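Heads up: the sequence lines are chains A and B, in that order. Count the first sequence with the numbering used here and you get residues 470 to 1359, in order. Count the second sequence with the numbering used here and you get residues 3 to 220, in order.
If you are wondering where the hints come from, they were derived from the structure by calculation, not from laboratory data. Be aware that a few hints might be false.
Just so you have them, the derived chain A footprint on chain B, three or more residues with Cβ under 8 Å [stated by the list, open to error]:
(1) 24-35
(2) 110-123
(3) 193-207
On a predicted model such as this, the values are computed, not experimentally measured, just so you know. For each residue, glycine too, the CB sits at the ideal point set by N, CA and C.
These are the residues of each chain, in order.
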Amino acid sequence: MIRCSKCGTLNRDASRFCNECGNTLQRTQVRCPMCGTMNPVGNVFCDRCNARLTPLQGVVPGEEPIAPSEDTITGVRGISLPARASTDVQTDPTKEEIPDWLHSLLEDSSDTTAQPNVVPSSPTDLPDWLGDANEEPAAPPEITLAAADEFPDWLSDIGSEEPAAPPKITSAAADEFPDWLSDMGSEEPAAPSEITSAAADEFPDWLSDMGSEEPAAPPEIAPAAADEFPDWLSDMGSEEPAAPPEIAPAAADEFPDWLSDMGSEELAAPPEITPAAADEFPDWLSDMGIEEPAVPPEITPAAADEFPDWLSGMGIEEPIAPPEAAPAAVFETSDKLDDWLSSLSGVTSAPDDTVQEPTERSSGWLSNLDTQQVPDLSDQAVEQMPEWLRDAAIKRRGTGPLTPPTPAFLADEADDDSPPPDTLPRKSAPARTLPKAPQPESTSSKKKPSVDSATEALPAESVPPGALPEWLRELTPTSEDAPVPQRPSVPLEQGALPSWVAELRPSGTPGLPEIGDGVPPLVEGLEPGELPEWVQEMRPTVAGGSGLSLEEALQSTIAETEGPLVGLKRIIPAAPVVDIPQAYQPRPQATIPESVLDRAQVWQNLLERPRGAERPVALPRSQPGWSEVVTRVFIVLMLMATLAAAFVFIPTGIGSVPLGQPPAQAGIPPLVRTIAALPQGARVVVAFEYGVAESDEMHPLAQPLLNHLLEREVQLKAVSTLPEGTGIAYALLTEAVAYHTSVTDILTNTLTTTLIITESLSYLPGDSSGIAHYLTTAPDFDLLIVVAARPERLRWWVEQNTLLNTPHPTLAVLSAATGPFMTPYLESQSVAGWLVGYPGAAAYAQARGIAPDEMAVRKLDALMLSHYIAAGLILLGMLYSLFAGSHKRG
Amino acid sequence: MGMEQIGALIGVTLAVLIFISYMLGDNPLYRMLLGLLVGAATGYALGMAVRFVLLPWLEQLFDADGQVQIYNALGLLLGALLLLKGIPRWAHLANIPMGLLLGVGAAVAVSGALLGTLLPQIQATGMGLTFRNGLFGFADGVLGLIGTLLTLLVFSPFPGRAESDPPPIFVWLQRAGRAFIIVALAVTFAGALTSALTVLIERGWLIKEAIQQLLVGG
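Using the sequences provided together with the hints, build the complete structure.
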């Protein structure tokens, strides 16, 4: 916890301000934005997750270093365009707004009373290579050795000691750029290098002062020497914002269009580069001839090597946002010239974002390259020039005033005839109004150099004659009498809306609320924009919060007194909640069936149930309802009555004869014949394939068969694929042995009988595989009898017997449920004989000529009666379902 | 009362209880009886497996000279591997005997079904279309053939048409096939009903005999 030093309130460790009084707290810990761990204030990286706690941005001079905070987003900084110069031309520039070398220029500039106004150019009109330079306060780029010969030493030394913000110019491209541009490639804003005393004679005073640490007033340019220097240099010492210089029509032709357009209010297309002059200039200058100024030329990979990074970065597509307009200043262009250039030209930015009507073809500071400002080329003046300018001055001496030749790429594009090389560009593009651009919040006066200080930094007389690079010299007009076009101080005029904006205006749509009386408009003549139709539809009908209707709110003449809409009338108060548009119609909900909802609910419950939850409770046993119990009781009573009648109540006499004859079965006679044909001592294998549950039904069927076999005195072998089958076989054989006296005569010893029976038993595991193994390995036998209560048991025996093509016949004793499934085998002669169910056993006995006993008769009677009862109940239920079901459905 | 009478009495009691549970529904006594039945059957089966399978294999593992019989030992080893099915870590080893069992069983079953069931029944169906057994035999054969084809048609899609758009004749044929299936299922139900009634009658007879003995003979 952190205690506030002001009010003493305890605050959390990560708090920056006191919760009670708002006082800034001395933080002792910093919360990591990634993992939330508290780290000491001095940590750069988190102790736990190694996330960066401090932002990567550099410290701005004059500001406190940004401490790591919870909301700090490290590593990424947005790219922001520089704001326009401050409206207050009296404000002194700060060092963090402009590079040091320019800043010194501004401070050393003298009064610019005699300096003509320089038309500031908006950053958007500037070539890209100049526009990009405005984004960051950059020091002069470094000058490589290859380019050193081309530029004066005083320019070469600028920024050479320390890297500046703009990227460095590679050696390959160094030849193409002047030194002062090359210096702009240095990474860090650097203070201008001090000019040694030995070289001080070569440099003008204003440049000499660049090495001084304290800002000095820019040296004044003597009137006599004023003509020697171009306007852009002269205006650097001017204090007051000057009107943009007017370029005479005669001189206007001498300037390239891009220079002319720099003073115009609309975006002018860069002048085309004639093929003849294209070779003279690097590509980056040649690109200025493209017609679309808004889209800088893309730097191809092949050409990328020619350009430094700061030029490559000019490929941004977003146009430079027009800066804020200053109400006091009046310019040709409102958003054409960056602050540092504006300060150099001694002109402040225009307050209006709309592009003004171009008055003259003038590009601001470049338009000052008037022939009248050309210095004298006398011998004395030439001797004072730096070495790098002497040759040029001598060269020009015979041609009159030194006029910088106009490069071909800056040739006038408006005229059909190619302009003279030493003329300023001519304005070509018509004026148009720019849409209102978003004003960057970073636009502040502190970053923009003041015009006064900029103009004062570089007085005209401080600029040594010939202190211009050759290409700039060529831009100067030849005619000495060509006046510099003066920019009249005219207020900003409202431009016409572009057609595409006008088309958006719906017919009959009311306009925006008018500006309230008494409050000066931000921009004179600014017409309120029209809302598009789709926005109009979203207008609320009721002005929430104020109690007024929409019409009343629109007709209200009360102006807003606070907030961003101060001074405006007819403002619809914001509703406390978002109103639903009038035309809104809720979409009808789709009808979802209940079954789908139930299923979804089940899935949802399953998903929501956490892992490891309690095991689901077993469902309660379903208990029959009273109706079902009654039905079951009725059926049970019926069956019990049937049995009782058959077992008890039928007279004995009648019970000796079955009530109904058993149905004749075609397999019984062959069965009898096959067993009767067995010789004495024949080996018979009997497979007992039924369990305990079927024993009640199968015992009455198997027992007469075993008695018959024992009467034939055969050798029995009992096998079973079921474990309990051997036990059942043992019980049957024991009964059969006890029943048949001949076996008893031979095996009088019970134990012996048991052994014999036990040895006669075999358990065959593996179902059909066990049967196949037994049939393959067992010794030959004469007859196979299968006693089965399940269809698959008989099928295994029949299939394997058929597959192995055994010579012995197969007989089957089947239950009533198995009989229908065995009909195909019976029809295909796979089984020699068979009997099915209790009626079959009765028929078998009858076929052997054995009279059925009373027990058999009564069982047969009970079976027949129960069949009738069951059939009656089934018919009754069918009738009930037919009538009752139709009644329910009806 | 001898053991046979006691056993008979217990059996009768259990039978009556199970019979009553049909009316009363599920009850603890019924579940106890079911458990008793399943337990007794399982125990008996285990005893039979040990007596008639495991012990003979162990007895035949070593011959008279004390040499290990590889054939018998291999069988015991595979059986032991099958026991590892209950251990998740070693369950994969039980796949060896399982694969052997399934493979051999499938081979035996498939060959038996093909040669022991399918071919003989096809032959029988064809033989039924002759007048060997007279006119009724021939009609019986034709009826069997038609029923077989219609039953197969019920479970077969009509070629060249979507299942939702069969031709009208196909729909009627499928209805006829369903009729044959219904008759076959009815016959199967009748046989199962007869078996159940037979079991009931036998059990009822036993109960009667037991009661009669208790009341008369003691």
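Violations among the numbered hints, reported as their numbers in ascending order: When the structure is compared with the hints, none of them turns out to be violated.
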